[in-house]
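Working from the sequences, and respecting the hints, build out all of it.
Sequential numbering from 1 applies to the sequence shown in my numbering.
Warning: the hint list may mix true and false statements.
As the list claims (entries may be wrong) - Have a look at the derived ranges for each label pair, beta carbon to beta carbon:
1. Ser276 with Lys134: 45 to 51 Å
2. Ala10 with Asn291: 53 to 59 Å
3. Met17 with Thr98: 49 to 55 Å
4. Val57 with Ile99: 17 to 23 Å
5. Arg261 with Leu19: 32 to 38 Å
It should be emphasised that the hints constitute simulated quantities derived from the structure, not laboratory data. Idealized CB from N, CA, C, for every residue including glycine.
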Amino acid sequence: MNYIGFLVTAFGLYAAMTLEHLPLHIFYAPSAICLILFMGLGGTLVSYRWAEIRRAVSACFDRATPRPKEDWLTYSRIFSLLSNYTFAAGWMGVILGTIHVLGSVEEVDGDIGKLAAGLALAFLCPLIGTLISKFLFDPMRNFSERKALDTGPASAPVEQAAAPAPTPNLLFRIVLFSASALVLLAIAVMVSWKVGSMQAEHRRDRAATNPDTAPVIHRDRTTILDTFLLGTKQKPGLDISIRDQGKIHRLRCTVYLGYSRDYNRSGSGFFEELRSRTPMLREIVIRVLGNKTADELQPQHLDAIEDELLSRINEVLNHGTVVDIMFSEYVVD
Numbered sequence: 001m002n003y004i005g006f007l008v009t010a011f012g013l014y015a016a017m018t019l020e021h022l023p024l025h026i027f028y029a030p031s032a033i034c035l036i037l038f039m040g041l042g043g044t045l046v047s048y049r050w051a052e053i054r055r056a057v058s059a060c061f062d063r064a065t066p067r068p069k070e071d072w073l074t075y076s077r078i079f080s081l082l083s084n085y086t087f088a089a090g091w092m093g094v095i096l097g098t099i100h101v102l103g104s105v106e107e108v109d110g111d112i113g114k115l116a117a118g119l120a121l122a123f124l125c126p127l128i129g130t131l132i133s134k135f136l137f138d139p140m141r142n143f144s145e146r147k148a149l150d151t152g153p154a155s156a157p158v159e160q161a162a163a164p165a166p167t168p169n170l171l172f173r174i175v176l177f178s179a180s181a182l183v184l185l186a187i188a189v190m191v192s193w194k195v196g197s198m199q200a201e202h203r204r205d206r207a208a209t210n211p212d213t214a215p216v217i218h219r220d221r222t223t224i225l226d227t228f229l230l231g232t233k234q235k236p237g238l239d240i241s242i243r244d245q246g247k248i249h250r251l252r253c254t255v256y257l258g259y260s261r262d263y264n265r266s267g268s269g270f271f272e273e274l275r276s277r278t279p280m281l282r283e284i285v286i287r288v289l290g291n292k293t294a295d296e297l298q299p300q301h302l303d304a305i306e307d308e309l310l311s312r313i314n315e316v317l318n319h320g321t322v323v324d325i326m327f328s329e330y331v332v333d
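Okay, here's the thing in structure tokens:
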């Protein structure tokens, strides 16, 4: 077999995924891979013994050993069965994934994440099954058919054939080919990670140097929000002393951060980030409010205060965005 064909196919798939900004790990679906490989191999084992399947695979890597036409035709039928069964198993995964989704609809309760496993199985099974069937077993079947045609009906029996020239160990060839494929895959993953990092850094630099291109936070109080108390049960509020024109003023307030409920459904870890960074966020609020004058702290200026707090708080958050600041208590003495 010409291994360059496999490399060209892999490069085409990698290029398409890179252009669509898709990560390579989307193909890591253990349930789909187990379903396809075991059902494909099991269906073939019904008709052929394991030793015959192993010899068929070995024949595609060992070019030097002559084999009769009947063997090549047998290998072709084996690869044809493997191709058909893996392709069919991929579409069986669609049925199983759909059944999983339909059985989980009543338990969703607005959380689409509960359907993720079934949807992943339904979409990835035909994709992986087609890749294995059409780009692995079909080329091996075509190779066996071509070798059978090249051998011809008048080929000498294997016993009368000349002794083959010494060839490298077959196991060494398989290991070398597998190692090369793993190295290429590792390089592809590293390149994807590097390109993604450079693009993310470029977007951050662009937003920092050109504020007009930075994401705009739109606050909509009609949006369904979850709230996070910026405090503890023992000390829910803040008590801030403010010096203005020689006088000491006291501000007592209880702050809630509003964020979209979608963060809870997606499992982004945003709530955990808010909880772990509560001391830092409280300090930001204290610093912003502590630098205001008594006049700037009056309730009629709350919109400007909230906008400044939103900007400062979102600068230190990585897993989500706060979209609203709410005060359940706000008293200036």
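Evaluation of the provided hints:
1. Ser276 with Lys134: 45 to 51 Å: For Ser276 and Lys134 the Cβ distance comes to about 48 Å; the hint holds.
2. Ala10 with Asn291: 53 to 59 Å: Check passed, 58 Å falls within 53 to 59 Å.
3. Met17 with Thr98: 49 to 55 Å: Given a distance of about 25 Å, which is not inside 49 to 55 Å, the answer is violated.
4. Val57 with Ile99: 17 to 23 Å: 34 Å, violated
5. Arg261 with Leu19: 32 to 38 Å: 33 Å, holds
Against the hints set out earlier in the document, violations occur for numbers 3, 4.
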